[in-house]
Amino acid sequence: MEEQYDVVVIGSGVGGLAAARALAQFGGHRVLILEQHYLPGGMTHEFTRDDRFVFGTGLHYMSADAGPFLDFLTDGRVQLTPLPDDYDVLHFPDFDFTVPGSGERFRERLKTGFPDEAVAIDRFFRTTRRALTGLVARNILASFPAPVRSAGFGLVRRMFPSAYRSVTDQLARSFTDPRLRAIIAARWGLYGQPPPSSAFGYHASVPLTFFLEGTSHPVGGPREIAAIASETLSPYGVELRLNQEVRRIVVDRGRVTAVDVVERATGRRYRVRAGIVVSAGGVRNTYALLGDQARPEWNRELDDLTGEPSALMLFLGLDRSPDEFGPSGANHWFMPGLDDYDGTLYVSFASLNNPAARFHTIEMLELVDPAVVEQWRGTTEGDRPESYHAFKAAATRRLIDRLDAQWPGIRESIVYAELATPLTYENYQHSVRGSFYGLPATPARLRSGRAGSRTPVKGLIVAGQDAWGPGVNAALAGGIMAANSVLRPAQMSKMWRTIRGPRPKRTGPWRGFLRVGGIEELTPAVRRIRLEPLDGGALPFAFRAGQYLKADLPIGAEPIERSYSICSGPGADGYVEIAVKREPLGLGSTFLHDDLREGLALRVSGPYGEFTWDGQPGPMLLIAGGIGVTPLMSVLAAAADRVPITLLLGCRSAAEVPFDRELKAVPGLTTELYLTEPGGRGRIGLEALRPHVAGVARVHLCGPAAMMRDVLGALAELGVPRDIVHTEAFVSARSRETRRERAHAVALAAAEAGVSGYTIRTAAASFPCRPGQTLLDAAVDAGVPIPHDCSEGVCGTCRVRILAGAYRTDDRGMFAPAELDQGWRLACQTLPTEDLTLS
Numbered sequence: 011m012e013e014q015y016d017v018v019v020i021g022s023g024v025g026g027l028a029a030a031r032a033l034a035q036f037g038g039h040r041v042l043i044l045e046q047h048y049l050p051g052g053m054t055h056e057f058t059r060d061d062r063f064v065f066g067t068g069l070h071y072m073s074a075d076a077g078p079f080l081d082f083l084t085d086g087r088v089q090l091t092p093l094p095d096d097y098d099v100l101h102f103p104d105f106d107f108t109v110p111g112s113g114e115r116f117r118e119r120l121k122t123g124f125p126d127e128a129v130a131i132d133r134f135f136r137t138t139r140r141a142l143t144g145l146v147a148r149n150i151l152a153s154f155p156a157p158v159r160s161a162g163f164g165l166v167r168r169m170f171p172s173a174y175r176s177v178t179d180q181l182a183r184s185f186t187d188p189r190l191r192a193i194i195a196a197r198w199g200l201y202g203q204p205p206p207s208s209a210f211g212y213h214a215s216v217p218l219t220f221f222l223e224g225t226s227h228p229v230g231g232p233r234e235i236a237a238i239a240s241e242t243l244s245p246y247g248v249e250l251r252l253n254q255e256v257r258r259i260v261v262d263r264g265r266v267t268a269v270d271v272v273e274r275a276t277g278r279r280y281r282v283r284a285g286i287v288v289s290a291g292g293v294r295n296t297y298a299l300l301g302d303q304a305r306p307e308w309n310r311e312l313d314d315l316t317g318e319p320s321a322l323m324l325f326l327g328l329d330r331s332p333d334e335f336g337p338s339g340a341n342h343w344f345m346p347g348l349d350d351y352d353g354t355l356y357v358s359f360a361s362l363n364n365p366a367a368r369f370h371t372i373e374m375l376e377l378v379d380p381a382v383v384e385q386w387r388g389t390t391e392g393d394r395p396e397s398y399h400a401f402k403a404a405a406t407r408r409l410i411d412r413l414d415a416q417w418p419g420i421r422e423s424i425v426y427a428e429l430a431t432p433l434t435y436e437n438y439q440h441s442v443r444g445s446f447y448g449l450p451a452t453p454a455r456l457r458s459g460r461a462g463s464r465t466p467v468k469g470l471i472v473a474g475q476d477a478w479g480p481g482v483n484a485a486l487a488g489g490i491m492a493a494n495s496v497l498r499p500a501q502m503s504k505m506w507r508t509i510r511g512p513r514p515k516r517t518g519p520w521r522g523f524l525r526v527g528g529i530e531e532l533t534p535a536v537r538r539i540r541l542e543p544l545d546g547g548a549l550p551f552a553f554r555a556g557q558y559l560k561a562d563l564p565i566g567a568e569p570i571e572r573s574y575s576i577c578s579g580p581g582a583d584g585y586v587e588i589a590v591k592r593e594p595l596g597l598g599s600t601f602l603h604d605d606l607r608e609g610l611a612l613r614v615s616g617p618y619g620e621f622t623w624d625g626q627p628g629p630m631l632l633i634a635g636g637i638g639v640t641p642l643m644s645v646l647a648a649a650a651d652r653v654p655i656t657l658l659l660g661c662r663s664a665a666e667v668p669f670d671r672e673l674k675a676v677p678g679l680t681t682e683l684y685l686t687e688p689g690g691r692g693r694i695g696l697e698a699l700r701p702h703v704a705g706v707a708r709v710h711l712c713g714p715a716a717m718m719r720d721v722l723g724a725l726a727e728l729g730v731p732r733d734i735v736h737t738e739a740f741v742s743a744r745s746r747e748t749r750r751e752r753a754h755a756v757a758l759a760a761a762e763a764g765v766s767g768y769t770i771r772t773a774a775a776s777f778p779c780r781p782g783q784t785l786l787d788a789a790v791d792a793g794v795p796i797p798h799d800c801s802e803g804v805c806g807t808c809r810v811r812i813l814a815g816a817y818r819t820d821d822r823g824m825f826a827p828a829e830l831d832q833g834w835r836l837a838c839q840t841l842p843t844e845d846l847t848l849s
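According to the numbering used here, the sequence shown is numbered sequentially starting from 11.
In case anyone wonders, no lab produced these hints; they're calculated from the structure. Each hint should be verified, as a subset may be incorrect.
Below, computed lysine to any residue pairings styled on SDA-like, alpha-carbon distance capped at 25 Å [to be verified]: (1) K121 - R62; (2) K504 - P245; (3) K560 - D820; (4) K560 - A715; (5) K560 - P629; (6) K121 - T91; (7) K515 - R809; (8) K560 - R809; (9) K468 - E249; (10) K468 - R310; (11) K121 - G111; (12) K121 - V99; (13) K121 - S184; (14) K121 - H342; (15) K515 - G546; (16) K560 - L595; (17) K515 - Y618; (18) K468 - F335; (19) K674 - P629; (20) K674 - A698; (21) K468 - R281; (22) K504 - G522; (23) K468 - F163; (24) K560 - G584.
Kindly generate the complete structure, drawing on both the sequences and the hints.
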């Protein structure tokens, strides 16, 4: 089986994603991404253990701002939270040093500690800028054709020699004090190569420039980057396939022509033809995929680039916050000595820096030679010998001992521990010998023609870390360099103007994180939750009175999405409030009542909904059942002093009336309370409505389904025009799960009956519908217009009239009994079980 694309991208790390986005957006190419893992994102992956602890695999902190490449890849949507100002703490045997989040203060702190070296320190930072310039120039040249590269590489080496020196060599030239040299060299673990063998250009780039002006952590964790980046690919037609293993890159007469692929889940083999293949899986893996098509000298050049480190990484879950033992969220580097690098240990506290984290974690990374697991290489994950597990257990104890020695007592708070070794990285990331930094950051790499985005094979391009340098942000740059190698000059120019320019304005609902700024108990079963911007500024979106938000609630390994009406008025731009009633069987509401805490960041999207008041004139009648009054509070805040309003509110008892205090304070509001407890007025019915419908211009109704159905019928009997009645459903927390269960049952029954689909007929068109697909989704797929907004049965916008055919549905109380008899249903909740005819 063969397929055809313009470009195939191997690997969905940020480098591959960036290359795919740029080639599709600026080159107009049809791009396919093939990822061997079951998740996209490469080193931005996170994994969950014990159904609560979330661990990062490669990205632990980044610069204080996203930078132009990440802004481009994510359309500026990644939110960052700052680490403490003193973000890196360096521990040496005899002293500690803290690195501040300012280049100028870092320099002054060095001068204060080493006054005799003050002049040398200023001179050193000028050398650092020169080395960084040399690295950038070299890497940009590496994206150009061979004649330009060969001429330019030598020129760069002559102009910027410090970039090509070892870190140890450059520091020996710059300083006399061994402690100062040790401080400057200490964070070599950010790119993985010890100072005696690492190129100073990389050291100038990462710890001395990239992190110089402060650091941050992605809100929601590193996986937010891949999730957002994957979403941004859709408008450009990029297809991303997971669990696809590329077995071979096919070359014909010196030019790439195709890739051979195996679908891991099924074993299906197929070939994808493409004139351009971008490999984001590392240079060594790329040349391995060429097999005998690679010339011997190419592999010999790669063999000369040796020394990639790997790591032991210990993931720890705690039953309390690490800050109880002293850490504040800064990273800690433990150095064995001034010029001893074996056993360098890095400790990070992602849960202290991620306001969306519910449970606390620690990640410890010790860079090691991949040879530490050489005796077990070749064994499979599920069949490692006992000696390997004993090695892991001993390493785990040793690392925890080091942790507890620094923060006594922290050992007792550890309730989960898991160690990754070089074999783990080989297994999950396909990295050669467990190297997660790519090619070694050595002077030999800078001189090599194999390190960069170009290869000797026409149309075969490298993206990711090996096209620029170690680390996630360098991998991003490598993706842009890959696109730079493919695009025509005009396309390339447009790409760089876009990357350097302002981010486009967002369209549609906003999606991101808001912080819980306050929690107030309104009744024993209802609480109001205030959500605020993370930075304390204005809300990133405007909303209309009566709209709602969707919130991702971190209940288990994967969050669940729930919809909640906004109860605050649109005039307050510094916060938005929702009100939630506890439902005994509701996962979302029990979390929000039992586990939510102030300060936690929740991912929300919105606003949504057309259950709104936008300044329309005339008297309003508001009708609510219990918590259904929530969206009406927003309407009241906007409209109370502008139009006459009557509120009919039904509750079980006076103690269960939400917003009782606020309702009494609304000027000019006429409120009638209908209680079903003994001595109350009972339910809202025909006689309760009769005095209030004459001359009413607008009716808003929200509450439980049965109550809404009865009230709609009564309004129709009283002659209230249907087009002035606006409804929003009170949707239970299990609504989405219930619909999925219904859809699965419909699809299963159709499969057993041998039915592949149904036909939906309207006066204007006919379109197909798959078993288990909602009527609305089928119409959208076919391009048949059905007005809709929430797609969840909340807003009632997608009303359709079914004249014939069988189906399963949930009307959500959106229709009066007479309307149901006439065939009115919600398209988003209707699952056809045979052909349907619509009016």
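Results of checking the hints against the structure:
1. K121 - R62: violated, 45 Å
2. K504 - P245: Cα-Cα ~18 Å, so holds.
3. K560 - D820: holds, 20 Å
4. K560 - A715: holds, 20 Å
5. K560 - P629: Violated - the C-alpha atoms of P629 and K560 are around 30 Å apart, more than 25 Å.
6. K121 - T91: violated, 29 Å
7. K515 - R809: violated, 32 Å
8. K560 - R809: OK: K560 and R809 at ~22 Å, within 25 Å.
9. K468 - E249: holds, 23 Å
10. K468 - R310: Roughly 20 Å separates the two Cα atoms, so the pair holds.
11. K121 - G111: holds, 16 Å
12. K121 - V99: holds, 18 Å
13. K121 - S184: holds, 14 Å
14. K121 - H342: holds, 22 Å
15. K515 - G546: holds, 21 Å
16. K560 - L595: holds, 19 Å
17. K515 - Y618: The hint holds at about 18 Å.
18. K468 - F335: Not satisfied, since the Cα-Cα distance of roughly 57 Å exceeds 25 Å.
19. K674 - P629: Satisfied, since the Cα-Cα distance of roughly 19 Å is no more than 25 Å.
20. K674 - A698: Distance ~20 Å between K674 and A698 Cα, so the pair holds.
21. K468 - R281: holds, 19 Å
22. K504 - G522: Status violated; Cα separation ~28 Å.
23. K468 - F163: holds, 20 Å
24. K560 - G584: holds, 18 Å
This entry does not satisfy hints 1, 5, 6, 7, 18 and 22, going by the numbered hints stated previously.
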